[in-house]
Amino acid sequence: MTPQAQLLEAKPHAAQIDDLLAAFRSYPRFLLASHTRPDGDAIGSVLALAEVLDQLGCQADIVFADPIPSSYNTLPNISRIHHVPSANDVDPTGTTPAILLECDGIVRTGLLGLEGRTLINIDHHASGRHFASVNWIDEHACAVAAMVYHIAGAANVEITPSMATCLYAGILSDTGTFTYSSTTADTFAMVHHLAACGANPSRIARDIYLSNPASKIRLLGIALSNLQCDDDLAWTWVTSEDMDRIGANAEDCEGVVNYLISIAGVESAVFLREVANADQFRLSIRSKGETDVARIAERFGGGGHRNASGCTLDGPLPVALERILTQLRTGL
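Here the sequence shown stands for residues 1 to 332, where the numbers follow UniProt numbering.
I should point out that these hints are in silico values taken from the structure, not numbers from a laboratory. Errors might be hidden in some of the hints.
Listed next, with one range per pair, are the computed distances between beta-carbon atoms [as the list claims (entries may be wrong)]:
| no. | residue 1 | residue 2 | range |
| --- | --- | --- | --- |
| 1 | 131 | 205 | 33 to 39 Å |
| 2 | 189 | 247 | 40 to 46 Å |
| 3 | 85 | 188 | 28 to 34 Å |
| 4 | 209 | 107 | 26 to 32 Å |
Just so you know, even glycine gets a beta-carbon here, dropped at the ideal spot from N, CA and C.
Assemble the whole structure, with the sequences as input and the hints as a guide.
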């Protein structure tokens, strides 16, 4: 049996996927978008879905409001992504439907020009909302890339090496390198199949995790020097002044919170990054156990997954810290 013939079926979500495929076949062109500050799942799943649409005979234009982190610049077809402030910069007619991945609404994309368009929503966050004409939200999916994988299977399209690479990168990053509770036997079956279809696991992992700029490591040093622990809770922060001093940017802050949650005995962790000129802090929150950090993040206008979420709080730092630590200590 060839690797392509081994593609997993998407029986649990056949109805939702059928609705998506019917929508895909109803239009000749789509805009694809995901959230601001795109991560590996947002980037990998959008690139892979663009290939699915290519094989279905549709034109697919990818639009992102924010730049792509450098660790994902080696993904195949990365040049397909347009960095624009408005969807109208790519489609001035304002009529092309838009497929939004990993978003709870158009505001999450950071893009203008989506208002009034037909929208299709594919998401796996617990905070996901049914805001579009067609919605598929599966909070049990380990990544939106896994959902795109099932769409490809139902559409009977070829999993090309480039598509396999993008899907593998999305799953690898959004499962915390297969450490989150969303990782199941099905997850490993998927990535096994993706490797058989041409994804190179060691190369993808090297490009994402072993190609850091020096500024990221310097920032990590500052964050770890600020580390505080109290029983099963850990937290740290960096200020905009810290980041300016070492030439770091927001991208360099990705993954810092994972060092905190890796501490033995720590069950919840939060990393706060000051937003320059805004008197605000962007929070990355993680948990290992019973604390549902998605619900905590939602209380502050954010969202995400049960064990990995984020939000933004007003400063100053002592005020932001008190608000989030109080919630984490009480478990909501």
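Now the hints, each set against the structure:
no., hint, in the structure
1, 131 <-> 205: 33 to 39 Å, "holds (34 Å)"
2, 189 <-> 247: 40 to 46 Å, "holds (43 Å)"
3, 85 <-> 188: 28 to 34 Å, "violated (40 Å)"
4, 209 <-> 107: 26 to 32 Å, "holds (31 Å)"
Consistency note: the structure conflicts with earlier hint 3 alone.
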